[in-house]
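Letter by letter, the chains look like this.
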Amino acid sequence: MRLQKILSGAMLALGYFAGIAGAQIKIGAAEALTGNAAQYGAPIRRGFELAVGEINGGGGINGQKIEMVIEDEQGKKEEAINVFKKLIFQDKVLMLFGPTLSNSAQASDPVAQSAKLVVFGTSNTADGITSIGNYVFRNSVTEADILPVTLRMASQKTGLKKVAVLYGNDDIFTKSGYDNFKKALQDLKIPVTTTETFAKGDVDFKPQLTKIKAGNPDAIVLSALVAEGAPMMVQARQLGITLPFIGGNGMNSPRVFELAKDSSDNLWVGSPWSVENPAAENKKFISAYQKVHTTLPDQFAAQAYDAMYIVAQALKKIKLTGKLEADRKSLRDALPGVQWTGATGPFKFRQVAGRDGKPAGYDAVQTAIVMMTKSNQYVIQK
Amino acid sequence: MLAQQIVNAISLGGVYALFALGFTLIFGVLNVVNLAHGAVFMIGAYAALKAVVVLQLPLPVAILVAMLVTGAVGWLLEKFIFAPLRARQAPHLAPMIATIGVAITVTSLIEGTFGSENLRFPAEVLPAEILSMGGGAQITWLELEIIVLAFALMAILLWGLRKTGAGRALRGLAESPKAAALMGVNVEAFFRVTSILAALLGGAAGVLIALYANAVFPHMGQPMLHKGIAVVILGGMGDIRGALLGGFFLGFAEVLSVAYIGSNMRDAIAFGLLFIVLLLRPQGLFGHVAQRRA
Amino acid sequence: MEWLDSFWATYNTLVLSIGTNVLLALSIYLTLATGLLTVANAAFMGIGAYTAGLLTTQLGMPLIVALILGSLLPAVVALAIGRPTLRLSGVYLAMATLAFGEVVRILILNAEGLTGGALGLNGIPQLTQWFDVALAVVLTLVVLLRLARSRIGRTMAAICQDEIATEIMGLNVRAYKLFVFVSGGALAGLAGGLNAHFTFFISPNEYGFERAVDILAMGVLGGTGSPWGAVIGGLLITLLPELLRGLGHYRPLINGIILILIILYSPKGIWNLFRPVSESTRLPAAP
Chain X
1 MRLQKILSGA MLALGYFAGI AGAQIKIGAA EALTGNAAQY GAPIRRGFEL AVGEINGGGG
61 INGQKIEMVI EDEQGKKEEA INVFKKLIFQ DKVLMLFGPT LSNSAQASDP VAQSAKLVVF
121 GTSNTADGIT SIGNYVFRNS VTEADILPVT LRMASQKTGL KKVAVLYGND DIFTKSGYDN
181 FKKALQDLKI PVTTTETFAK GDVDFKPQLT KIKAGNPDAI VLSALVAEGA PMMVQARQLG
241 ITLPFIGGNG MNSPRVFELA KDSSDNLWVG SPWSVENPAA ENKKFISAYQ KVHTTLPDQF
301 AAQAYDAMYI VAQALKKIKL TGKLEADRKS LRDALPGVQW TGATGPFKFR QVAGRDGKPA
361 GYDAVQTAIV MMTKSNQYVI QK
Chain Z
1 MLAQQIVNAI SLGGVYALFA LGFTLIFGVL NVVNLAHGAV FMIGAYAALK AVVVLQLPLP
61 VAILVAMLVT GAVGWLLEKF IFAPLRARQA PHLAPMIATI GVAITVTSLI EGTFGSENLR
121 FPAEVLPAEI LSMGGGAQIT WLELEIIVLA FALMAILLWG LRKTGAGRAL RGLAESPKAA
181 ALMGVNVEAF FRVTSILAAL LGGAAGVLIA LYANAVFPHM GQPMLHKGIA VVILGGMGDI
241 RGALLGGFFL GFAEVLSVAY IGSNMRDAIA FGLLFIVLLL RPQGLFGHVA QRRA
Chain A
1 MEWLDSFWAT YNTLVLSIGT NVLLALSIYL TLATGLLTVA NAAFMGIGAY TAGLLTTQLG
61 MPLIVALILG SLLPAVVALA IGRPTLRLSG VYLAMATLAF GEVVRILILN AEGLTGGALG
121 LNGIPQLTQW FDVALAVVLT LVVLLRLARS RIGRTMAAIC QDEIATEIMG LNVRAYKLFV
181 FVSGGALAGL AGGLNAHFTF FISPNEYGFE RAVDILAMGV LGGTGSPWGA VIGGLLITLL
241 PELLRGLGHY RPLINGIILI LIILYSPKGI WNLFRPVSES TRLPAAP
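Chains as they are written, first to last, in this note's numbering: chain X, 1 to 382; chain Z, 1 to 294; chain A, 1 to 287.
A hint or two may mislead.
Heads up, incomplete: computed chain X residues facing chain Z, CB under 8 Å, no partners named [said to hold, decoys possible]:
1) L239
2) T242
3) T321
4) G322
With a Cα cut of at most 27 Å, we get these calculated BS3-like pairs of lysine-lysine [stated by the list, open to error]:
5) Z:K163 <-> Z:K178
6) X:K116 <-> X:K329
7) Z:K163 <-> X:K200
8) Z:K50 <-> X:K261
9) X:K162 <-> X:K183
10) X:K92 <-> X:K316
Taking CB as the label site, the calculated pair distances span [as the list claims (entries may be wrong)]:
11) X:T158 <-> A:L261: 53 to 61 Å
12) X:T158 <-> Z:P223: 28 to 36 Å
13) X:T193 <-> Z:V148: 33 to 41 Å
14) X:I380 <-> Z:V148: 39 to 47 Å
15) X:Q156 <-> Z:A123: 27 to 35 Å
Please keep in mind that the hints were generated in silico from the structure rather than gathered at the bench.
All C-beta atoms, glycine included, are put in the ideal place defined by N, C-alpha and C.
Construct all of the structure, not just a fragment, from the sequences and the given hints.
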């Protein structure tokens, strides 16, 4: 078993490094490799590396191998801008992935847009990103698309009549999630008993949870990342709150089982990716990932992995002339038409409107899988 | 709900007080705003976690291990940073900036070694039984332990400072290092002891709060540092009782503002209160007269 | 020339950041040189950034107007809170200004309708050109260097050394303190406005504790003996992460170590190492 793991790791590494040796297609990635957001940037990087290793190991794209240039944007907006500029003007990449946080994307994506090369986010779900322009792409499905599906399924199965809402009001991701939750709740005509907030880095949620408990809701709708969400679930159970939690895709991570252990049951999330999804492509991805990293992958890794394959499909269709500007443009033109079934299921793009009403960037179109946690597993609900 | 919120306030206050004790000690005696206290706190949490998970030690032993590790860090801080700066007659801001550098370095070391993801203590280790108190309120054993510990530590420290010779020397030192030296107090040794002691307290706080929140991650010291500064100002910088009372005051202010005003204004109220207290009573609610430093 | 174009395209944000960071360092130099430990400049920067950003995005005002108003508003706020706050001294002043900064940040966060709250202010036009920043820095530097040698500058240093003695000599200490506090606020606001217009997007969390600590570090590391210290501090703090980029994962680690080493070996700041010998006969200005 060990030997097998070493061999697979070696093969992947060979495939990856072979890419560097016969360096031909330069793809950049700006992700948070240090700092607070590194817990998301790290799995994203692993997803990219896995995909690149496989693609290069299979002969590359039209005979050319991919060379990845990964830079650390530290989860900070100014760094993201600097790193983007370095990748675009100094390394002269063909396109680039990232950044990790929606916050950074707002600042750095315009740089790619005006430089006319594709920027592809795999973890940016907040509003206002793809509307920046027609060179901005993402395969991370927005909360606006997933949450209504999750809510509808959860309310169907639990018969909930009213909910309480808890969200992080100082982070663009959780705040954006909240805005979408609010709208979905209004559309479904589900009344809210109370809305409470917390800040990133908080460790104590008992005051908010106590207030929520007093309002007697049937479920708690949560816009948070696992780092805060898991302690929240633990503390809620400690206070005697047995209600279901309904989360945004920030809560879709197997880490919730480690972090919330006995209190992790009864959490509803929707996402295009589920570790339990038995589809063949997903199983292939999960076992390939586990061979190298032993742990299970999460949504961040899955989306990064698929994103690389999506770009690979577009690259297959175009002919690279070696003239940077022209190549960057032909990649951008080939990308919207790509349809791909990867670990996150069938995927295609959908163009959105920019702030001025004209057609701009491209969001993801994927179906959400709704899951509920039970005994340390995400159980798919139908 | 009120009963539970009061319980919440007391246990949150206990958490803040624990952190603030070490922080205020360094300011009171060494006159340094130790912005590395958050990092020390975080090291305590990691040390205990690894002691439990890797060395398979029982929790109380792990806490002692954590305190040993952080005590060593406190010693290092004093020996390599505070003492040299004092010897060089550095402006009084310099040590503070140095501690910022220490905090960055240490946090990055831990992040590089253990990764940036949240880790947690294994469930078996946590004293998680829940007790019911009157009025529908519930509290866990752990929270009770934290509150009791905060009070106990304060009591021990106060007793030590008032009743023992060493304690009196320390208080004299805090007032005036020169006078204490003239009285034969080994100033350098006492500074070292203080730094170690403060770090011990920080480490203990780190473990307990890591258990409370069940989250251990490299940047966990940062938000605590903000709150710690607020507590110490409210209570009076350098004042032990102030750290405790300030901690509870902040705990109550935060919880009650969430319960009755709105959770999004929680931090604004906490810091707004701080600002007002400073304007009206700069020495803090319980501190002694502020030293005018022009 | 192609080399220059490529260099500028890659590094223009960095160069502009150096400029605004130098302005920020100069803003805190003013108060530090007077012996005031105020750390509200991050909040003033935020107020300036949002003011200028909102004026250009919502009202379409030209940059220069937005910048002027973006420096005025923080100055007014500084004036308002300065009077009561500056009665404090030492660490208490620092904490009061820190608390004030947090309150400002949270107010901006919660004023969603106006500022966009956590979602930030988006789509700020890229109006800042290198000559705007260069002009601001050069002008400020010239003014402050003049100031340092003038009677005002000597009074600042005197207050720093011994406030009570200065008061006894008949100088209106309170007025001087307010003057440096308000000017510092205006400078920080200007830096904020300039910065907002080359980064597209601003959010409340950028103007909190971390930024306040950065600004303080710039002031102290560079040295408070002269405005040149601020220039050094601004340069250092901006360039250091960039220079260390090759170290990848170890970057913050080395960053922290360098900070510690600098303070240990030159506690009065780097400028102190370069001070011409003749100046050492003057009264030391570091607090």
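Item to check | chain Z contact restraint on T321 of chain X - CB to CB distance below 8 Å | outcome: violated (41 Å)
Item to check | Hint validity - L239 of chain X Cβ closer than 8 Å to any chain Z Cβ | outcome: holds (6 Å)
Checklist entry - Does K92 of chain X pair with K316 of chain X here, judged by a C-alpha cut-off of 27 Å? => result holds (20 Å)
Checklist entry - Between K162 of chain X and K183 of chain X, is the straight-line Cα distance small enough, at 27 Å or below? => result holds (15 Å)
Checklist entry - Is the distance from the Cβ of T193 of chain X to the Cβ of V148 of chain Z consistent with 33 to 41 Å? => result At 35 Å between Cβs, range holds.
Checklist entry - Is the Cα-Cα distance between K50 of chain Z and K261 of chain X 27 Å or less? => result This hinted pair holds, its Cα atoms lying about 19 Å apart.
Next on the checklist: Just to be careful, I want the Cα atoms of K163 of chain Z and K200 of chain X compared with a cutoff of 27 Å; is the pair within it?
Outcome noted: violated (43 Å)
Checklist entry - If you check the beta carbons of T158 of chain X and P223 of chain Z, does the distance land in 28 to 36 Å? => result Between T158 of chain X and P223 of chain Z, where Cβ atoms are some 34 Å apart, the hint holds.
Next on the checklist: Can you tell me whether the CB distance of Q156 of chain X to A123 of chain Z sits inside 27 to 35 Å?
Outcome noted: holds (32 Å)
Checklist entry - Is the Cα-Cα distance between K163 of chain Z and K178 of chain Z 27 Å or less? => result Between K163 of chain Z and K178 of chain Z the Cα gap is close to 22 Å, so the pair holds against 27 Å.
Checklist entry - Is 53 to 61 Å a correct range for the gap between the Cβ atoms of T158 of chain X and L261 of chain A? => result With a Cβ separation near 59 Å, T158 of chain X and L261 of chain A satisfy 53 to 61 Å, so the hint holds.
Checklist entry - If you draw a straight line from the CA of K116 of chain X to the CA of K329 of chain X, is it 27 Å or shorter? => result holds (7 Å)
In summary, the structure is inconsistent with hints 2, 3, 4 and 7 from the numbered list given earlier, while agreeing with the others.
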